[in-house]
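Let the sequences and hints guide you as you build the complete structure.
Chains A and B supply the protein sequences, listed in that same order.
Take the first sequence: its position 56, counted from the start at 1, is 56 in this note's numbering, and no numbers get skipped.
Take the second sequence: its position 144, counted from the start at 1, is 144 in this note's numbering, and no numbers get skipped.
Rather than coming from a laboratory, the hints here were simulated on the basis of the structure.
Don't take each hint at face value.
Each pair may be met inside one copy or between any two copies, as identical chains are not told apart.
Capping the alpha-carbon separation at 20 Å, the derived lysine to aspartate or glutamate pairs in EDC-like fashion look like this [as the list claims (entries may be wrong)]:
1. Lys125 to Glu266
2. Lys246 to Glu266
3. Lys420 to Glu170
4. Lys387 to Glu158
5. Lys44 to Glu331
6. Lys51 to Asp162
7. Lys51 to Asp68
8. Lys387 to Glu24
9. Lys387 to Asp243
10. Lys246 to Glu208
11. Lys9 to Glu170
12. Lys154 to Glu306
13. Lys229 to Glu208
14. Lys96 to Glu290
15. Lys246 to Asp388
16. Lys246 to Glu261
Number of protein chains: 2
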Amino acid sequence: MVTSQLVSKSDRDRIMSDIGEAIEWLSGFGADPSGGVTRLLYSKEWLSAQKALAQHMEASGLHVCFDDCGNLYGRLEGEGISAGTLLTGSHVDTVKSGGKYDGAYGILAGIIALKYLRDNYGAPKVSLEVVSLCEEEGSRFPLTYWGSGNITGKYSLERVPDIRDRDGVELEQAMLSAGFGKGTYRSPRRHDVLGFIELHIEQGSLLERESRSIGIVNHIVGQRRYTVKVSGTANHAGTTPMDVRKDALAGACAMIQKLEEAARLEGGQFVATTGLLNVSPNLPNVIAGEVAFTVDVRDANADTLERFCREFHRCFKEIADSRELHLQIQEWMNEPPVPMHAPFNETLRNICEEYNYSYRFMNSGAGHDSQLFQAVCPTALAFVPNKDGVSHSPLEFSDPGSLADGIVTLIEWLYFYGYKGGELA
Amino acid sequence: MVTSQLVSKSDRDRIMSDIGEAIEWLSGFGADPSGGVTRLLYSKEWLSAQKALAQHMEASGLHVCFDDCGNLYGRLEGEGISAGTLLTGSHVDTVKSGGKYDGAYGILAGIIALKYLRDNYGAPKVSLEVVSLCEEEGSRFPLTYWGSGNITGKYSLERVPDIRDRDGVELEQAMLSAGFGKGTYRSPRRHDVLGFIELHIEQGSLLERESRSIGIVNHIVGQRRYTVKVSGTANHAGTTPMDVRKDALAGACAMIQKLEEAARLEGGQFVATTGLLNVSPNLPNVIAGEVAFTVDVRDANADTLERFCREFHRCFKEIADSRELHLQIQEWMNEPPVPMHAPFNETLRNICEEYNYSYRFMNSGAGHDSQLFQAVCPTALAFVPNKDGVSHSPLEFSDPGSLADGIVTLIEWLYFYGYKGGELA
Chain A
1 MVTSQLVSKS DRDRIMSDIG EAIEWLSGFG ADPSGGVTRL LYSKEWLSAQ
51 KALAQHMEAS GLHVCFDDCG NLYGRLEGEG ISAGTLLTGS HVDTVKSGGK
101 YDGAYGILAG IIALKYLRDN YGAPKVSLEV VSLCEEEGSR FPLTYWGSGN
151 ITGKYSLERV PDIRDRDGVE LEQAMLSAGF GKGTYRSPRR HDVLGFIELH
201 IEQGSLLERE SRSIGIVNHI VGQRRYTVKV SGTANHAGTT PMDVRKDALA
251 GACAMIQKLE EAARLEGGQF VATTGLLNVS PNLPNVIAGE VAFTVDVRDA
301 NADTLERFCR EFHRCFKEIA DSRELHLQIQ EWMNEPPVPM HAPFNETLRN
351 ICEEYNYSYR FMNSGAGHDS QLFQAVCPTA LAFVPNKDGV SHSPLEFSDP
401 GSLADGIVTL IEWLYFYGYK GGELA
Chain B
1 MVTSQLVSKS DRDRIMSDIG EAIEWLSGFG ADPSGGVTRL LYSKEWLSAQ
51 KALAQHMEAS GLHVCFDDCG NLYGRLEGEG ISAGTLLTGS HVDTVKSGGK
101 YDGAYGILAG IIALKYLRDN YGAPKVSLEV VSLCEEEGSR FPLTYWGSGN
151 ITGKYSLERV PDIRDRDGVE LEQAMLSAGF GKGTYRSPRR HDVLGFIELH
201 IEQGSLLERE SRSIGIVNHI VGQRRYTVKV SGTANHAGTT PMDVRKDALA
251 GACAMIQKLE EAARLEGGQF VATTGLLNVS PNLPNVIAGE VAFTVDVRDA
301 NADTLERFCR EFHRCFKEIA DSRELHLQIQ EWMNEPPVPM HAPFNETLRN
351 ICEEYNYSYR FMNSGAGHDS QLFQAVCPTA LAFVPNKDGV SHSPLEFSDP
401 GSLADGIVTL IEWLYFYGYK GGELA
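Encoded structure:
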């Protein structure tokens, strides 16, 4: 049990000011004129951010090292017998013209927390590390979680995926150009991580709308993604009577309507989305011959996902048949829901109650590095509110008070497991 | 009244063979490997086709001349007192990779008809001309009816529109390069046209489905075109609950569904189409922030058009309001229905009955040069069936028998007004 407040009101005020400054500082690496931040994997901006973070970690009293795929660690050596490490952090890369908080907050919170613990309590029993993960977003290359994936064994530098960015640059070439992948640094794969905790902005508006400070994540939702191709007959918009048309766009619209209707009926945090739709030939005076659109379905319950997807397949087929359209549905993502570690969450809850932070248990509708770590060690993911749920945008914002509450929670959590002997089951 | 058949069975057989050959011959100018024909205004292919047609007209015993915008005429001089001319023809330009019949048929039919009349009946009372109009499709430059528009006064070479093709070439420059617009030829504007008749393939499947030989057009439908912009809020597809979304694509789909539903209820030849739709940002995992789509509405009745458009505006607004979406509807085309000349149509009907051709009165869902001529002289438009209604495609096809029936009808019609003194009201 967490039984008393380590962090005083005045300490929290300093943390609030520190995190505000740190967020602004880090957003300078890759700042664009629109007010957004662009740090694509292995780019110049990305490299300068990682190097600056390395200096910042060092200045915060941490032992710094890179691994060979570009993840950056700051370590507070433990004095106990365990060779293992408690890890916190998030990703340093951004989407194109993204916000200042997504990813960055989790790294900077970890540095502030470790410095606070070191300054106030010295060496921990269990080694603590903060990690600035090299890649999560998949914005430059068509893969995600390159950083956490290399740590947890999903990816390996011995089999770098043969993929290219939009300019035709290979992932491996980009990595080499940035100074990684040459064996200069230690191998990314780790077997010594006893637990992982990630602080992140919610990227949604649930916490804000309920005026809560902390979201404790039960599940990262499962995701299924599909491309739906509807084929009819392109024809003259003036001379083809309504009753003989095979209009692929009208058919697609009927499907998307049904999808939305069905998703609303599920309630809770269940979501289904068509965000991409392309029409061919896409001319005002030609009936659409072909439409391709995506379906993105997410829920924390694997059975619900399975049932819903079976049902929308059936419903789409029915619509296609009744309109004499050809239908093709291709699944290209099927990630099951990922549960976070319940005892870690219990600790988070105790901390929130101790500090009188309004909190809630919730699911994460977005994917996070935490889901990679969950496969190899107990993992927790905690959210702080962000304004209007806006993320991946220059308008992304979280107020410093919320950011500070998250860091206080992280400090307590790391203290509980790192100093006080909380059981890492 | 048309009272006897001028064209014998054996004459019709020769006409059938002539038109088949002529269609193949003309399609050689601008033939592409896909089997399509591409003759864009003032292009090399276009120019070679017009020059070859000039020779072909001359060989058919017609007096040939170009006008200064590139329309080509073949004239059979009348012996009567009228200084006026009866005109037939269609356009020589095509869409990109279009068919062999669209436009071409009306020109070649006119040449064959005039040659037949000259060979069998000598000089007419009223001068007859066939015209190969330089442009109708709007495929190279963003304007349509450049040919008939210059003849009827909609356009003038003194005010050539300042527009460019996709390669940045100005209309005026393209015209000069092809040898027109320099005053070498006579001015395009004509005030001596007593009547115009156009033969064209239907570009629809009504005649084919009803096994009819000739379609007599009552109205060229009115057309209204709109761009509808639906704005919501782009947001994360995973973290934004269904009930707080402002999904522009879901809203647009609801509108398009309603549009189709309402158009079906109108029945007859009423049509409404969304053929173009663009989503922003158009990513699988982002709720659509903005959708722009077109609405194309066509009917022969101006009141029906007006009522329908008012109603869909109201309905779209209702959908937008209920979903808290912003709606903007911009009208960019509003062409009223154009009636063809009823006495001309009565003559066409008499001819069809004399020859026992199955015919029907109908509306044209597509625009034609005839609508330009209708503004300045009595005008008729007659259709022959084409296979499966497919047009603007290499697969465009009409059987030679249908083409011949159309030409026989044209011969009779020109004879009635040109030789027999049928009244040109």
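So, going through the hints one by one against the coordinates:
1. For the identical chains of this complex, lysine 125 and glutamate 266 are neighbours neither inside a copy (47 Å) nor across copies (79 Å), given an alpha-carbon limit of 20 Å.
2. In this assembly of identical chains, lysine 246 and glutamate 266 lie within 20 Å of each other by CA distance solely across copies; the values are 18 Å between and 31 Å within a copy.
3. Taking the shortest alpha-carbon separations for lysine 420 and glutamate 170, neither the intra-copy value of 46 Å nor the inter-copy value of 79 Å comes in at or below 20 Å.
4. Taking the shortest Cα distances, lysine 387 and glutamate 158 never come within 20 Å of each other, neither inside one copy (42 Å) nor across copies (59 Å).
5. Taking CA atoms no more than 20 Å apart as the test, lysine 44 paired with glutamate 331 passes in neither setting, with 35 Å inside one copy and 47 Å between copies.
6. Taking the shortest Cα distances, lysine 51 and aspartate 162 never come within 20 Å of each other, neither inside one copy (27 Å) nor across copies (55 Å).
7. For a Cα distance limit of 20 Å, the shortest separation of lysine 51 from aspartate 68 inside one copy, 14 Å, qualifies, whereas the shortest one across copies, 70 Å, does not.
8. Proximity of lysine 387 and glutamate 24 under a CA criterion of 20 Å is satisfied intra-copy only: 17 Å inside one chain copy versus 67 Å between copies.
9. In this homomeric assembly, lysine 387 and aspartate 243 come within 20 Å of each other (Cα to Cα) only across copies, at 18 Å, whereas the closest approach inside a single copy is 49 Å.
10. Taking the shortest Cα distances, lysine 246 and glutamate 208 sit within 20 Å of each other only across copies (18 Å), while inside one copy they are farther apart (46 Å).
11. Taking CA atoms no more than 20 Å apart as the test, lysine 9 paired with glutamate 170 passes in neither setting, with 50 Å inside one copy and 72 Å between copies.
12. Taking the closest pair of Cα atoms, lysine 154 and glutamate 306 never come within 20 Å of each other, the shortest separation being 25 Å inside a single copy and 62 Å across copies.
13. With identical chains, the CA atoms of lysine 229 and glutamate 208 are never at most 20 Å apart, being 38 Å at best within one copy and 30 Å at best between copies.
14. In this assembly of identical chains, lysine 96 and glutamate 290 lie within 20 Å of each other by CA distance solely across copies; the values are 19 Å between and 30 Å within a copy.
15. Within a single copy, lysine 246 and aspartate 388 get their C-alpha atoms only as close as 41 Å, which misses the 20 Å cut-off; across copies the closest is 13 Å, which meets it.
16. When the C-alpha separation of lysine 246 and glutamate 261 is checked against a cutoff of 20 Å, the pair qualifies only between copies, where the shortest distance is 14 Å, while the shortest distance within a copy is 24 Å.
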